[in-house]
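With the sequences and hints as input, model every part of the structure.
Here the protein sequences line up with chains B and X, keeping their order.
With the UniProt record's numbering, the residue at position 221 of the first sequence is 221, and numbering never jumps.
With the UniProt record's numbering, the residue at position 368 of the second sequence is 368, and numbering never jumps.
Do not take every clue at face value.
A short list of chain X residues far from chain B (calculated; beta carbon distances all over 10 Å) [to be verified]:
id, residue
1, 15
2, 64
3, 201
In silico DMTMM-like links for lysine to aspartate or glutamate, alpha-carbon gap of 25 Å or less [unchecked claim]:
id, chain 1, residue 1, chain 2, residue 2
4, X, 72, B, 243
5, X, 93, B, 237
6, B, 387, X, 356
What the hints contain is simulated information worked out from the structure, not anything from laboratory work.
Glycine included, C-beta positions come from ideal geometry on N, C-alpha and C.
Each chain, letter by letter, is given below.
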Amino acid sequence: MMKNKADEEDYWNSSKFKAFTFDDEDDEFSRLKESKRAVNSIRPLVDEDDDEEEVEKVSWSGEPVGSISWSVNETAASNQRTDREPAFPKINTDTTSISKSHSGYSLSALFKGETHRSLSDSSVRLYAPELRKPKSEYKVTTRLTAVSLEKFRSLQDKLLLLDYAVSAHDGNVITAVLIYLKRTLSKEVLFRELTDRQTALRHFIHYLTESKDQRLLLELLRALGRTEDMALLQYKEHLGIADENKRRDFLKSCLSLPFSPEDSVHVEDHYTLLERQIIIEVIPRKQEIFQKFPRKASILNMPLITTLYYCCFYHYTESEGTYSSPLNIRQTFKLSEKQFFVTALAARAKLKAWPDVDALFTSRNWLGFTRKKSPLSFQRVVDVLHKNSAPTQVLQDYVALVDDAELRITLAQKHKCHDIVINTYRDLKDRQQLLGYRAKMARGSAEERKINELLNNSQIRWKN
Amino acid sequence: MAHSARTDCPELPDFFLLKRLARDQLIYLLEQLPGKKDLFIEADLMSPLDRIANVSTLKQHEVDKLYKVEYKPIVSTSDQLCFLIRPRIQTVKWIYVANADKATGRFRRYKIIFTPQKFYACDAVLEEQGIIGDVTTDEWSFYLLPLDDDIISLELPEFFRDNFLAGDQRWVRTAGSALHLLHSLYGPFSKVYGIGRCSKMAYESWREQVEEGEQKARQAEIGKVFLIDRDVDFVTPLCSQVVYEGLVDDIFKIKCACVEFGPDVTSSDKSIKVMLNSQDRVFNEIRNEHFSNVFGFLSQKARNLQTSYDKRRGMDIKQMKTFVSEELKGLKQEHRLLSLHIGACESIMKKKTKQDFQELLKTEHSLLEGFEIRESISFIEEHINRQVSMIESLRLLCLLSITENGKSSFFLCSYGVDHLLTFANLRQLGLLVEQQPGETLTVMESKVGKLVNDRTGGKLSDAFSSLAKKSNFRALSRKLNLVPKSDEEYDLRVPRDMAYIFSGAYVPLSCKLIEQVLERDGWTGLEEVTRLLNGHEFAVTGYGADSKAKNDAQRIILVMFLGGCTFSEISALRFLGREKPSMLFLLTIWLMETPRVSVTLISSIF
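As structure tokens, this is what we get:
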């Protein structure tokens with residue numbers, strides 16, 4: 001990664017928020033640790049009588065959460081009735097409003113039933129103290145069922161019903177009408193009418209999805225010409241197939257589905273990958289490495305990068321001709337240099353195979369000299385190595401390759417690569433920093449001696 | 001630095017009433033099935049139920065055993081089974097399939113209580129299975145769960161997905177009913193503002209319910225209402241949270257205002273569950289703070305605590321007695337809370353240091369500002385290649401896509417081709433922007449990964465700058481001044497605007513809109529903004545409201561996020577409430593199980 005260094009520094013200099021880092025070296029953090037120590041040191045006093053009752057219980061442990069004193073009168077008193085509430089105006093919605101008079105049936109009455117029991121009613125009921133008494137007027141079923149939908153027989157009436165439901169914005173009612181239409185209309189007619197009714201259509205698709213009516217859903221999508229959605233929906237079925245061979249065969253059958261050009265490449269990769277994983281999975285695991293680092297999971301159904309990592313880990317040295325060779329994987333799936341590099345780096349570092357790590361960077365120029373090259377910034381390389389617990393000796397080779405001096409010092413300090421810090425300060429001719437750094441070194445250490453030598457070196461022209 | 005409560009704050013309505021209403025209705029419904037019964041509870045209803053009732057309440061009403069709905073065969077021996085579930089077809093089908101009573105000739109009574117409402121589609125399933133009659137159904141209209149002094153939640157995990165992804169409007173009426181409940185208990189509202197399709201429909205639904213029902217006139221406790229659809233602003237929930245409460249949620253997952261701290265936080269071998277709300281005095285002071293301020297505050301607190309404990313040295317018996325009876329309890333509680341939050345901070349630090357948090361933030365800020373897009377793309381690409389957290393990668397991709405209309409497909413290599421489906425859903429939501437045919441070149445280039453190559457890189461950034469013109473976010477950001485000028489120092493200790501919740505780099509679009517509309521008392525002057533947001537804005541006045549308009553309640557504004565909001569947004573609104581005493585004190589509502597929108601966006605995919 002060729003970061004634009006100037007830009008980056010610029011960012012930090014111009015940054016409007018105070019440099020606040022999540023680094024553990026941070027002062028704030030040590031303050032926090034201090035506070036923790038302080039608080040912990042007073043713990044014994046508190047533990048004398050361990051009263052935990054302050055902790056609010058949130059489990060089903062049966063302990064009282066706090067007594068709820070229920071005063072009916074109090075609440076009822078505050079609810080005297082007066083004049084009618086000021087009404088809010090209706091907003092002009094851009095949905096086509098259907099004139100109710102078009103229909104011979106009382107559609108409004110039908111939907112009024114849907115509008116729940118009125119709240120004032122329900123609160124009165126809730127305030128009633130005799131909870132055990134059966135309350136006849138409470139029971140409010142969805143009154144939609146009470147009004148028979150069977151009255152709507154002509155297509156025109158059915159569609160009017162549907163449009164009215166849509167204009168009322170209540171998804172529950174829309175779905176109810178759709179369920180009725182599904183039962184009483186032929187698929188062809190229903191699909192045709194839904195084409196121009198997007199809201200109703202989306203409700204219908206959602207209903208079919210929820211009730212897992214895959215067959216009808218596919219038919220609908222086909223009728224609508226939404227072939228890509230159809231392909232994805234069919235492809236989705238592979239998630240439910242546990243057996244890997246069956247899954248592979250299913251994926252193979254998916255290849256002919258009408259995916260978008262981009263997606264079809266991915267699905268093909270998916271099939272090839274699973275096919276490959278099945279082969280890799282059955283390779284006898286006799287080598288020492290499998291004993292030393294036993295597998296934690298099967299490689300089946302893992303993502304491509306994970307598969308590559310696995311092969312870099314267990315099959316690194318195999319020739320390109322074998323299916324499990326990392327290079328073969330890279331070729332087959334046309335992985336980018338960076339993708340390959342990052343994965344191989346992480347895998348070899350995890351195994352502490354430092355010569356392999358080193359070899360990844362080595363390239364020869366036309367004169368035959370070797371130099372270290374990386375598609376990744378060396379800062380990131382150091383990060384990857386550090387996360388795989390690389391020792392300081394290994395880290396410092398890569399820290400040294402970080403171009404930007406500031407960044408190099410930061411990294412070197414973080415990873416305790418003292419030599420690099422000292423050398424960089426020397427190159428910057430920064431005597432003050434060097435003095436400061438000496439204070440942090442152990443007394444009598446090699447680093448301290450080196451700094452002393454440098455400071456005493458009269459040939460260096462310090463800038464400060 | 002802790003913000004002391006303003007003395008002239010209007011008093012917040014007492015939401016405890018909502019809990020009592022819900023609890024009493026539930027008890028009433030349980031009593032509808034007299035005698036001993038086993039109760040099956042839907043998993044995602046457990047936590048909300050915990051907030052309003054407990055086991056002994058249920059036992060008092062003859063609930064014998066409690067089960068979680070797990071889609072396994074029913075083993076209960078009780079003669080009466082009661083199911084407390086969401087109106088989901090899958091669950092209703094399970095109830096039928098799971099019990100073999102019909103086959104074995106066993107007679108039992110069944111009752112299904114749907115919450116917050118019953119759907120016709122569920123009834124249809126019961127009818128199809130031929131068990132209507134054997135099964136009675138009911139509705140528990142549990143719409144609103146108060147989680148804190150200023151937060152109420154609708155606890156509907158599927159709201160977002162159903163409404164925005166599937167385009168199913170089944171919850172519109174629920175939202176309207178929730179609003180209606182608040183209106184009848186704490187209204188009348190004097191004014192309602194809103195933006196978004198769903199908001200508009202919810203308003204209509206509420207208005208109809210108001211017209212149908214009778215109203216009890218009362219002293220208003222909530223003045224104004226602001227409804228906003230989540231899809232008006234997807235950018236904000238995609239940004240990393242750096243406010244304490246947001247971080248705690250990111251790492252430990254706050255569920256119904258409750259969090260479980262593991263052994264690494266408690267420094268013992270057990271986990272504990274803690275309520276996180278304004279009752280926790282320590283938490284209350286740091287919840288809205290930028291994370292960088294939290295350490296300082298905790299250190300100070302620890303020192304104060306030490307001093308208070310030290311006081312007991314040299315006390316005589318009598319003084320000691322007073323100390324123990326008056327102060328010790330408070331100190332001990334504070335001590336416990338303090339060590340918990342210090343532990344939580346440590347744990348957050350550890351996790352965040354591990355994942356290049358600093359660079360992640362920098363990338364986000366660059367994307368928001370529209371600078372160094374190439375570097376950002378490169379960072380995201382490497383993030384994906386290294387298979388670092390999938391959610392983070394997806395979040396970054398969406399952010400890149402929304403702010404820059406770009407896209408990358410390394411993702412499938414690193415996290416599995418299955419995510420084709422994820423992408424299809426994200427496109428449907430508008431979180432990933434479909435490439436135009438002419439732009440396919442860009443996709444191909446990023447796919448081949450030649451970003452490091454300067455020539456291609458140059459072409460790429462050209463393509464992006466031309467795309468940026470089309471990006472509404474960029475235009476909105478300029479219009480509303482969402483990204484503050486970067487040449488000034490931003491002191492996070494003394495926040496000067498809502499941008500502090502994102503380290504001073506970005507003012508959340510959603511909150512900025514709310515502020516602007518309330519200040520202007522409507523949408524006048526924001527025509528260009530609403531055009532960019534696809535319209536659906538409204539501002540309506542209830543008549544007769546102005547007579548009472550002068551009281552404190554008019555400063556209490558209910559903000560309802562349809563589809564969920566983040567803790568960062570809540571913090572931003574609280575900040576606004578402190579800064580604008582003349583008109584604002586905010587009350588936030590979200591409509592999801594968790595406010596972790598970005599996570600929900602992604603996990604809702606399959």
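Consistency of the hints with the structure:
1. 15: Holds, because the least Cβ-Cβ distance between residue 15(X) and chain B comes to about 14 Å, which exceeds 10 Å.
2. 64: holds (13 Å)
3. 201: violated (4 Å)
4. 72(X) <-> 243(B): Given that 25 Å is the threshold and the Cα spacing comes to 22 Å, the pair holds.
5. 93(X) <-> 237(B): Roughly 20 Å between the alpha carbons, so the hint for residue 93(X) and residue 237(B) holds.
6. 387(B) <-> 356(X): With Cα atoms ~11 Å apart, residue 387(B) and residue 356(X) stay inside 25 Å; holds.
In this structure, only the earlier hint numbered 3 is contradicted, and the remaining ones agree with it.
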